[in-house]
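Participant: Letter by letter, the chains look like this.
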Amino acid sequence: MALYRDEGVVLRTMRLGEADRIITLATPEHGKVRAVAKGVRKTKSRIGARLEPLSHVTMLCWNGRELDVVTQVEVLSSFRPLREELDRMVPAMTMLEIVDQVAVERHPMPELFMMLVGALKTLATSSSPLVLAGFCWRLLTIEGVAPIVECCARCGGPDPLVAFDGSEGGFLCRSCRRGQAVSPETVELVRRIVGGDLGGVLSEGPHGVDDDVEHLAVSAVERHLDRRLRTTRHLLDAAPSASPSG
Amino acid sequence: MAKEDATRLAQAIVEVKERTVLCSVCFNIGIAERCAICADDRRDGSILCVVEDPRDIVAVERTREFKGRYHVLGGALSPIEGVGPEQLRVRELLGRLEPEGVTEVILCTNPNLEGEATAMYLARLLKPLGVRTTRIASGLPVGGDLEYADELTLGRALEGRREVDA
Ligand SMILES: [Zn+2]
Ligand SMILES: [Zn+2]
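So the protein sequences, as listed, match chains B and X.
Counting from 1, one number per residue, gives the positions in the first sequence under my numbering.
Counting from 1, one number per residue, gives the positions in the second sequence under my numbering.
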């Protein structure tokens with residue numbers, strides 16, 4: 001068995017026996033890692049709290065055949081602000097769910113990893129829905145299916161673009177329109193985010209179409225993954241509309 | 001243990017298991033339609049302590065600090081594992097507030113990501129209803145060494161510091 005060191009963001013954990021946990025992490029060099037953390041459910045184990053979902057750590061692991069074994073963990077960031085506010089936690093959990101879907105075991109993914117850590121850090125300073133939107137658009141680019149936003153994705157025609165369709169891979173003009181109708185403000189905002197100006201966009205405060213842009217980005221990722229994301233469906237959609245009678 | 005003792009013990013365990021039912025009010029484990037806590041009219045019905053699991057009730061009861069009643073959710077939100085609000089007894093919790101005259105809900109879910117998400121989600125539902133909603137503090141274990149505390153716990157404990165009476 002070989003020993004290796006890598007960074008990681010904890011995606012999820014699962015109970016194993018009485019005191020152990022299986023930890024699933026996203027790492028830059030080893031892709032998705034599933035590792036056993038022994039004895040972590042005892043209150044005296046410091047490793048347990050360090051391997052909570054969302055935590056950004058460096059760790060030392062034994063390379064096992066089925067599962068690796070975590071031997072040492074140091075916390076780089078536990079992203080506390082994301083744990084203490086629902087409007088930050090839900091997008092953060094959504095990002096973890098997406099990475100859990102696209103990451104492959106033992107396939108290095110430095111770019112995706114850096115983007116995840118960057119997005120979590122941004123989320124710690126901004127609770128704007130555009131952070132998750134930026135994450136989703138960047139993810140599609142990394143996955144090789146960058147959204148077509150500058151011209152009609154179908155005919156290549158110019159503005160005005162009035163709809164977004166995932167199967168066409170971007171915005172559509174009036175004559176090609178299908179899928180989700182979009183406002184000119186949404187088109188403009190998506191263009192800036194995809195163009196790399198998320199920082200500038202976030203510094204301006206709310207735009208009125210921020211939730212639309214987030215929805216569009218999340219559904220584009222859902223289309224790419226070919227499944228609905230559970231985090232957004234369960235939490236984003238349920239929380240504001242739930243009532244005591246319903 | 002003598003052989004007949006062992007047999008008797010095994011029988012007792014089977015009997016308890018067979019007689020165990022979930023309380024129809026709070027979903028605690030009990031042997032009647034209402035658990036011992038819900039049936040006890042000395043308990044303060046205006047305060048509900050919301051926990052994930054019946055075992056958590058045992059833990060809180062051991063403190064002898066809490067005189068209210070409980071509500072067992074049956075887990076914590078974990079969207080990545082497919083556990084959403086519909087899988088938990090959230091509706092049942094909301095349905096208890098008015099009939100039982102609940103004025104405070106203590107969110108006593110586990111201090112991990114799923115437990116925190118559950119607490120924040122419930123707080124968002126409960127606060128607009130005018131119910132006082134509180135969350136148990138997280139801190140350092142008594143008898144533990146500070147140097148062995150993890151960063152998250154110690155950070156929260158620092159934030160939740162109190163004036164010392166002298
Ligand atoms: Zn067109
Ligand atoms: Zn009961």
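Heads up, some of the hints might be wrong.
Facing chain X, according to a computed beta carbon distance under 7 Å, are these residues of chain B, among others [to be verified]: (1) L3; (2) A49; (3) L76.
Far from chain B, some chain X residues (derived; all Cβ distances over 10 Å) [unchecked claim]: (4) G74; (5) M120; (6) R124; (7) R132; (8) R156.
Worth flagging that the hints you see were computed from the coordinates, not collected in a lab.
Where a beta carbon is used, it is the ideal one built from N, C-alpha and C, also for glycine.
Participant: To test your reading of the hints: which numbers does this structure violate?
Facilitator: 1, 3, 5, 6 and 8
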